[in-house]
Amino acid sequence: MHSILAVDDSASMRKMVSFTLASAGFKVVEAVDGVDAFEKAEKQPFDLVLTDQNMPRLDGIGLTRKLREHPHFKQTPILILTTESSDQMKQAGRAAGATGWLVKPFDPARLIEVIRKVIV
Amino acid sequence: MHTPAPTSHEQRRWPREEYTTVEALPSAPSDEPLVEIPVSVVADLQDSLLVAMNDLKRLEGLLDHATANLLDRFNAALQSAEQMPEGALKAELQSSLHASVTELQFHDMSSQLLVHIGKMLKGCAYILADQALEPDENEAGMVVTHMPRNPNPVTQSEMDAGSIELF
Numbered sequence: 004m005h006s007i008l009a010v011d012d013s014a015s016m017r018k019m020v021s022f023t024l025a026s027a028g029f030k031v032v033e034a035v036d037g038v039d040a041f042e043k044a045e046k047q048p049f050d051l052v053l054t055d056q057n058m059p060r061l062d063g064i065g066l067t068r069k070l071r072e073h074p075h076f077k078q079t080p081i082l083i084l085t086t087e088s089s090d091q092m093k094q095a096g097r098a099a100g101a102t103g104w105l106v107k108p109f110d111p112a113r114l115i116e117v118i119r120k121v122i123v
Numbered sequence: 403m404h405t406p407a408p409t410s411h412e413q414r415r416w417p418r419e420e421y422t423t424v425e426a427l428p429s430a431p432s433d434e435p436l437v438e439i440p441v442s443v444v445a446d447l448q449d450s451l452l453v454a455m456n457d458l459k460r461l462e463g464l465l466d467h468a469t470a471n472l473l474d475r476f477n478a479a480l481q482s483a484e485q486m487p488e489g490a491l492k493a494e495l496q497s498s499l500h501a502s503v504t505e506l507q508f509h510d511m512s513s514q515l516l517v518h519i520g521k522m523l524k525g526c527a528y529i530l531a532d533q534a535l536e537p538d539e540n541e542a543g544m545v546v547t548h549m550p551r552n553p554n555p556v557t558q559s560e561m562d563a564g565s566i567e568l569f
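Line by line, the protein sequences give chains A and B. Note that my numbering has the first sequence beginning at 4, numbered continuously upward. Note that my numbering has the second sequence beginning at 403, numbered continuously upward.
Since the hints were derived computationally from the structure, they do not count as laboratory data.
Here are the simulated distance ranges between beta carbons: (1) Lys30(A) - Ser450(B): 48 to 56 Å; (2) Lys30(A) - Leu480(B): 12 to 20 Å; (3) Gln496(B) - Ser6(A): 21 to 29 Å; (4) Leu464(B) - Pro48(A): 36 to 44 Å; (5) Ala14(A) - Arg551(B): 21 to 29 Å; (6) Met549(B) - Ala14(A): 25 to 33 Å; (7) His73(A) - Arg551(B): 24 to 32 Å; (8) Val453(B) - Arg71(A): 42 to 50 Å; (9) Ser6(A) - Ser482(B): 26 to 34 Å; (10) Ser482(B) - His75(A): 35 to 43 Å; (11) Glu45(A) - Phe569(B): 19 to 27 Å; (12) Glu45(A) - Glu484(B): 34 to 42 Å.
Remember, it's a predicted structure, so these values are computed and weren't measured experimentally. Just so it is clear, CB atoms sit at the ideal spot from N, CA and C, and this is done for glycine as well.
Looking at chain B on its own, in the form it has when it is part of the complex (with noise of 0.2 Å):
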């Protein structure tokens, strides 16, 4: 997705449509302290996290041409493989392809973790912008929530097999 880079404090503000979910105003609580920034500031980590989002897409697009080239070459290894004399060198390189696999995964678990990430920084830079900013007519006296309401479905921090559970 590109997003363009806003020229003022009101265009900073994201397109309605891709909010993702809108509910009624909840009372504030009364006791809860408030803390107040300029809108300048504001207005720059707004700009700050376009820039991480941006960084983020550019990121999946180098992960995506990469793994594309790495399975290719991934491919004619496997096929120069299997045209070699049987022996202990052939069946050394295919072992040594087959073990590659659970590495080989490395690209679904990081895709899924920058759209998780992905989508946090556009909740933040919504929220920022709902708070901060003066809302549009058609938005008085709504809330709008960004965040993802499910947890980053990626937990593994290694490339080690993961577990098996038979119900």
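Here chain A stands alone, though its shape is the one from the complex (with noise of 0.2 Å):
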């Protein structure tokens, strides 16, 4: 079973995502900001990372590049979902780099259909 670490400042996003990816058979593990993902994602590998790009603490493009840092996270998808969608900001995530850019609100098939392309 392939492990998502999904991470959102918003408890009913978390929800929405936990639910949708573990009815689509994912383990999800959920954090509340880049900070609790990044103490998370030095325990445990993760197959794919789903972030949020606006929390405290620590965004998702600085938890991109935290990640992209750490051996174990080079390779892993991680993609960016946010209610952002200007192409400044997905040329940073680009740059940090993030897999992909997912505009909120999300579809549900369609995030698991993106999730399986990438995952590894």
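Mind assembling these two chains? They're in different frames, but the hints should get you there.
Have a look at this one:
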């Protein structure tokens, strides 16, 4: 079973993401922001990271940058799921090493489709 | 955040620790036209901004409460659907619940919008105070920038699913 680290400071979004991923057969670990996510990522590997962008303490792009410096996450798909849709932000995500940029709200079927496409 | 109602023009200034950034006062352009506004009008505007900010906080609270209840009911419906005998009705119910996940993300987007609007209103109130009211001794020669540095993060006006871009 593939494991996914789902990062969002919104409890309702974490619930929606976890429900969607668990329904599709993925094991989900939740994190409340980038710092919490990085701490969890240091303790165990994940097959994919799905992260929000705007979060306190450490945002999604910052988390992506930190994870890419970690030996276990150099190749791990990292998807940023956010309300932000500007090209500037997308380019910043890409430069940080993100695998893809998903604009909220997400459609459950399309999210699962994308995850299955990029997951190793 | 609770902001107490001001009792005088001077008290309408927010505590300094709430200021977002402080910069040196730039020299004003000499050709910029000036508009005179009575202090009482400025004070009324600030009061209205405070009321609007407090209303936004209440709206945020209502949304939080409603969303928490809605998600509890969503979970209960999921569990009930799970226990139903296999068949078309169960499949239809589960499909509808899954489809509602897109719309149930309204809380996150609404909250971000409310926070941004609140910051804008607060910025307006600070700017009014800075421009129209006498500065404190320790504020002389300084200008305070209160508007959010980043643009509104939520540009969607509908709950249609957003775009997906793989790099």
